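Protein sequence lines, in the order shown, are assigned to chains A and B.
Here the working numbering is used: position 155 in the first sequence is 155, and no number is missing along the way.
Here the working numbering is used: position 231 in the second sequence is 231, and no number is missing along the way.
FYI, nobody ran anything at the bench for these hints, they're computed from the structure.
These numbers were taken from a predicted model, which means no experiment stands behind them.
This list has only true hints and no planted wrong ones.
A partial selection of chain B residues facing chain A, derived with a Cβ cut-off under 10 Å:
no., residue
1, Phe25
2, Leu58
3, Ala66
4, Asp164
5, Pro240
Beta carbons: idealized from backbone N, C-alpha and C, even for Gly.
One letter stands for each residue in the lines below.
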Amino acid sequence: MTDAGSTPTSGVVTRPADDEHVVHLLREMLRIRRFEERCVELYSRTAIRGFLHLGIGEEACAVGVMEALTPDDAVVATYREHGHALARGLSMRATMAELEGKIEGCSRGRGGSMHLFDASTRFYGGNAIVAGGLPLAVGLALADHLRGRRRVTACFFGDGAVAEGEFHESMNLASLWRLPVLFCCENNLYAMGTALKLTESETDLSLKASSYRIPAWEVDGMDVLAVEEAARQAAEAVRGGGGPHFLEMRTYRFRAHSMYDPDRYREKPEVEGWKERDPIPALVARLSDSGVLAEGDLDRMESEIASEVDDAVAFADAGTFEPLEDLERFVTSETTSGSVVP
Amino acid sequence: MSLITYREAMRQAIRDALIRDERVFVMGEDVGHYGGCYAVTLGLLEEFGSERIRDTPLSESTFVGAGIGAALGGMRPIVEVMTVNFSLLALDQIMNNAATLLYMSGGQLNVPLVIRMATGAGRQVAAQHSHSLEGWFAHIPGLRILAPATVEDARGMLWPALNDPDPVLIFEHAMLYNVEGELTDEPAPVDISTAAVRREGSDVTIIAYGGTVRTALGAADQLAGDGIAAEVIDLRCLRPLDTATIVSSVARTHRAVVVDEGWRSGSLSAEVSARITEEVFYDLDAPVARVCSAEVPMPYAKHLEDEAIPQVADVVAAVHQMRS
Numbered sequence: 001m002t003d004a005g006s007t008p009t010s011g012v013v014t015r016p017a018d019d020e021h022v023v024h025l026l027r028e029m030l031r032i033r034r035f036e037e038r039c040v041e042l043y044s045r046t047a048i049r050g051f052l053h054l055g056i057g058e059e060a061c062a063v064g065v066m067e068a069l070t071p072d073d074a075v076v077a078t079y080r081e082h083g084h085a086l087a088r089g090l091s092m093r094a095t096m097a098e099l100e101g102k103i104e105g106c107s108r109g110r111g112g113s114m115h116l117f118d119a120s121t122r123f124y125g126g127n128a129i130v131a132g133g134l135p136l137a138v139g140l141a142l143a144d145h146l147r148g149r150r151r152v153t154a155c156f157f158g159d160g161a162v163a164e165g166e167f168h169e170s171m172n173l174a175s176l177w178r179l180p181v182l183f184c185c186e187n188n189l190y191a192m193g194t195a196l197k198l199t200e201s202e203t204d205l206s207l208k209a210s211s212y213r214i215p216a217w218e219v220d221g222m223d224v225l226a227v228e229e230a231a232r233q234a235a236e237a238v239r240g241g242g243g244p245h246f247l248e249m250r251t252y253r254f255r256a257h258s259m260y261d262p263d264r265y266r267e268k269p270e271v272e273g274w275k276e277r278d279p280i281p282a283l284v285a286r287l288s289d290s291g292v293l294a295e296g297d298l299d300r301m302e303s304e305i306a307s308e309v310d311d312a313v314a315f316a317d318a319g320t321f322e323p324l325e326d327l328e329r330f331v332t333s334e335t336t337s338g339s340v341v342p
Numbered sequence: 001m002s003l004i005t006y007r008e009a010m011r012q013a014i015r016d017a018l019i020r021d022e023r024v025f026v027m028g029e030d031v032g033h034y035g036g037c038y039a040v041t042l043g044l045l046e047e048f049g050s051e052r053i054r055d056t057p058l059s060e061s062t063f064v065g066a067g068i069g070a071a072l073g074g075m076r077p078i079v080e081v082m083t084v085n086f087s088l089l090a091l092d093q094i095m096n097n098a099a100t101l102l103y104m105s106g107g108q109l110n111v112p113l114v115i116r117m118a119t120g121a122g123r124q125v126a127a128q129h130s131h132s133l134e135g136w137f138a139h140i141p142g143l144r145i146l147a148p149a150t151v152e153d154a155r156g157m158l159w160p161a162l163n164d165p166d167p168v169l170i171f172e173h174a175m176l177y178n179v180e181g182e183l184t185d186e187p188a189p190v191d192i193s194t195a196a197v198r199r200e201g202s203d204v205t206i207i208a209y210g211g212t213v214r215t216a217l218g219a220a221d222q223l224a225g226d227g228i229a230a231e232v233i234d235l236r237c238l239r240p241l242d243t244a245t246i247v248s249s250v251a252r253t254h255r256a257v258v259v260d261e262g263w264r265s266g267s268l269s270a271e272v273s274a275r276i277t278e279e280v281f282y283d284l285d286a287p288v289a290r291v292c293s294a295e296v297p298m299p300y301a302k303h304l305e306d307e308a309i310p311q312v313a314d315v316v317a318a319v320h321q322m323r324s
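Just chain B, with the same shape it has in the complex (with noise of 0.2 Å):
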C-alpha cells in the first residue's frame, strides 16, 4: 500500500491506459505542453508523444465530436473537458450523437469514447466554474455516469470505462484532486455499475458522491458522537443507478438523506429520493431529506460559497431534524 493523492492516481490510471492499448490517445485543451489543467496529464506528452497526447484548440463541440468520430473509427479516445461548465459547449455533440448514434444506426455504430472532466465548488471561482452538472447528463439514456470518490475508483475506474462499448463520462469532483488515499501497489479494475457503502450503519442512511462523499463521511463521524449509527453510501455511478444498493439500506435504516451538490429542482437527489419512495415508501420511518446546494450560481466569496453548498453540519442538522 502507498499513500497517494486522487490526481495521480488518475494520472497512473491513463498512463496505464496509454501503455496496455495503442488505440487510446488523450485529447484536450492543455493536457499537453500546460500538464493539464489540474496537472492530471502532467508528463504523459514527454512520454508518449504528441500523436497520442493531443492538446486542442479551445473547440469544446468538435473536440468532443471528434472523440466521437475517432471511437467510430477504432480508437479509444480519453477527451478531457476542463470543467462542467466547458462541457456546455459540447452537449450537442454528447447527447445528439454519442448518446444516440448506437439507437438511430438500429445497433451498428457503438461509441467506446471516454470524457472525463472536473466539477463541483470550493475554489472561489465563481458562477461558471463551479457547477455540479453530471445529474443533467445522468439524465441521458445511451450514457454511462461514473463519479469517483476515493483513490481506489480514480485509479480503477478509466480501464474497465475504456472497455465499455458505449460513452462514458467520468466526473472528477476538483476538490478531491489534492485529496490522499491508501492504494494498493497493483491496483485492479473497479466494476463500473454499483454503489459502494462506505460506512455501514443502521439508523440512518447517507447517500452522496463524488465529492459529497467525504462531507456524507464526515457526518456520519459526528453522529457517531450523538449516537447515531450512520450508514454511508457512495453511488459511484450515477446512471445507471445501482437502486438495489440504495433501497436494500433504506429498508434498513428507515431513514435516508440525500446530499448533492447539485440544485435541488430537477436533480439527480430527487431521482434518488423518488427511486426510495417506489421501492420502499413503506419501510421509511421519515419523509426522505435532501442537502443540495443553494439554487444560486455559485457565488465567489468564500463565505458565501460556504453557505451555497451542502457542509457537513447541514447532513448532521438534517439526521437530526428527521429523528425529532
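Excised from the complex, chain A in its bound form (with noise of 0.2 Å):
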C-alpha cells in the first residue's frame, strides 16, 4: 500500500468466496499448470518450437484476475501469456493448436506461443516487446472512454516493463486522461534473467505507479484468492470511472525464462523456497483442510484435466498446416471497411 493510492475497500461488492468458486479457481490454475507441464514434452518431442515462455507458479495471477472481468472488458498479455489465454477462456484446443504452428490455432498458426490472440474473448494478445502492450492497453481504454462505453482494459506486464520508457508514458497518459485501464504486473523478480535489484534504482514499484497518481498497491501473487479479491476492488473502481488502477503482483516463476535459459542466474534455494509458496498445493491444502475437497476429488479433477489436456494434444496434432499459398494473406485486410472487432 502506498500513499497516493488507496485501496478502495468501501462501497465495493465482492464476491464471496464460496466453496464451490474457490474449487473454480483451483481447477483453472491446475488446467494451465498441467497444460504447460504438456508443453514441455510437446517441446522435447519437437511439436513445439521457437521460444516456450511458461508461467508455471504465477498461475494465481492470471487466474485472480481474470475473475474480476467480464466479457465486453479486454485483456492485454505478454509473451508469457498461456495462462491468460486459458483464464481469458480461449479453448485449450486453440492453443494448443497455435503452439503447434496450425492453422486451426487462436491466431492460424501466424503467433505461436508468444502471440495467441482471440477477438472473441477480447484478447489482444501476447505481446512480445517488453512494455509494447501498455500503449495499446491505453488506446484500447481510450476507445471505451470516447463511446461511453463502462468496460476495463486489464494489461499484464512484468517487472521487467517497468524500466522501459513505455511503461512510464503509458501511466502517465492513462492517468492525465483517467482512463479505464487496470495495470496487472506480476513482479516475479527478474527481466530475463537479471534480477530488478540490478536494474531498478527504486524496487517499489506500486511507489513508481503512484507517483503518477494512480493507486496502486501489492498482493500476494502466490495466494489466487488475494489476487481475485484486490483484482475485483480495483477492476471495479476502475470501471465507476475511478481512472486507472495498479496491481503489483508478488509471484515467482517456478522453471526458467524460456526453453533456451540455463538459469544460471538464480540460486536453487531461491526458488526452492518459491516452491514452498505454491499456490496450488496451498489452496488444496486449505480446500482438503476445510472439507470441502473430499477423498477422492482432486483425483478426479486431475483425471478430467488430463483428458481436457490429451484432447487438446490430439487435436492440434490433428490439425493441419496452412497451406504455402496462403504465405501473404493478412499483410492487409481482405474486407475493405470496417473494422474487424468493435
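Since each chain comes alone in its own frame, lean on the hints to assemble the complex.
Written out as C-alpha cells, the structure is:
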C-alpha cells in the first residue's frame, strides 16, 4: 500500500469466496499448470518450437485477475501468456494448436506461443515487446472512454517492463486522461535473467505507479484469493470511473525464462523457497483442510484436466498446416471497410 | 475552383472527417491549444472540443500505440507526429504492432489508423528535423505509405486513408504547407493506390514524390526549353508502389531519372530503379539515374542544405548526362 494509492474498500461489492468458486479457481490454475507441463513434453518431441515461456508458479495472477473481468472487458498480455489465454476463455484446443503452428490455432499458426490472440474474447495478445502492450491497453481504454462504454482493459506486464519508457509514458497518459485501465504487474523479480535490484533504482513498483497519481498496491501473487479480491476491488473502481489502477502481484516463475535458459542467475534455495509457496498445493491444502475437497475429488479433477489436455494435444496433432499459398494473406485486410473487432 | 494552401487543404480534410464520422478524433503533440506545429489543426479544438482534439504529452511511442489501441477498439484515430525524426520514438509501435497485428493474429485484428507527419528539408532546421525517412516506412509490409504532393491530394487522401482497414502513414513535406493550388469547391476523395502522371513527355521519365514533385516539374520546364520532353510521375503512394504506371512510362520514354529526398543507399529510389530494371531493362536506352540527398545528416547553413538536397539543376543535369 502506498500513499497516493488507497485501496478502494468502501462501497465495493465483492463476490464471497464460496466453496464452489474456490474449487473453480483451483481447477483453472491446475488446467494452466498441466497444460504447460504438457507443453514441455511437446517441446522435447519438437511439436512446439521457437520460444516457449512458461508461467508455472504464476498461475494465481492470471486466474485471479480474470475473475474480476466481464466478457466485454479487454485483456492485453505478454509473451508469457498461456495462462492468461486459458483463464480468459480461449479453448485449450485452439491454444495448443497455435503452439503447434496449426491453422486451427487461435492465430492460425501465425503467432505461436508468444502471440496468442482471440477477438471473440477480446484477448489482444500475446505481445513480445516488453512494455509494448501498455500503449495498446491505453488506446483500447481511450476508445471505451470516447464511446462512453463502461469497460475495463486489463493489461498484464512483468517487472521488466517497468524499466521501459513506454511504462512511464503509459502510466502518465492513462492517469492524465483517467482512462479505464487495470495495470496488472506480475513481479517475478527477474527481467529475463537479471534481478530487479540490478535494474531498478527504486524496486517498489507500486510507488512508481502511484507517483503518477494511480491508486496502486501490492498483493500476494501466490494467493489466488488475494489476487482475485484485489482485482475485483480495482476493476470495480476502474469501471466506476475511478481512472486507472495498478496491482503489483508478487510472484515467481518456477522454471527458466524460456526453453533456452540455463537458469544460471538464481540460487536453488531461492527457487525452492518460492516453490514452498506454490499457489496450487496451498489452495488444495486449504480446501482439503476445510473439507471442501473430499477424498478422491482432486484425483477426479486431475483426471478430467488430463483428458482435456489429451484432447487438446490430439486436436493439435491432427490439425493442418496452413497452405503455403496463404503465406501472404493478412498482411493487409481482405475486407475493404470497418474494423473486424469493434 | 479556389486557390488554397496545402495546409488549408489538409485542415479541411481533417475537419471534414471529424464531421462525417464520430469515430474520428485527432491526437498528437500541440494539435490543440497550439493549433498544430505547422498550424494544420488550427481552430479544430475550438470547433470540436478537447475530447476529439487531444493534446498529448511528449510520448510518441505511447500516443501512437494508444492510436493503435483505439483503432482496435473501433475508433478512427488521426495521430499527428510532429516531424518524421520524432517518429523514430514510435517506430516500435508502428513496426511491431500497427504493421504486424493483423498478420500475427491470423487476420483477426486490423488497425484502421492514420498517422500524419511532416517530412523533408529546406527550412534550415538541421539534422534532427529535416530528414526524409518515408522510405524506411515503405519497407514495412502491412503499412500503406502516402505522400501527397498537391493540394488536391492533401485534401482528398485523408478520407480514403481513414476508410482503409489497415494503418496508413501520410507524409507531408514541410515545404509544401504554404504552397497554393487550385482546388474544386466540392473536392472528392482521390484514389490512394496509384501514381499520377503530372506532365506528359516522350523523351525521359522523371519519377518523384512529395516535395520533389515540384523539383521534377521545374526540371521538366527547363528541359522543354532545351527541346527535351520530360514526363513527370508523382508516385503518391510509396507502399504499395504502383509499378505499372512507372514501367509503362519508361517503356515509352526509354529513360528514367528517380528523384528522392531520401539518402541514396538502401532507399526508395533504389527500389524504384530496381523495379525498372527488373521489368523494362531491355527498353532502356541508358542506365537509370538517381538524384538523391547527399549522404550526410542535414546541415544547418543554407548553402550546405541547398547543396545536400535535390535541386532543379541537379535533375536537369542528370537528364542531360544520360542523353549525352
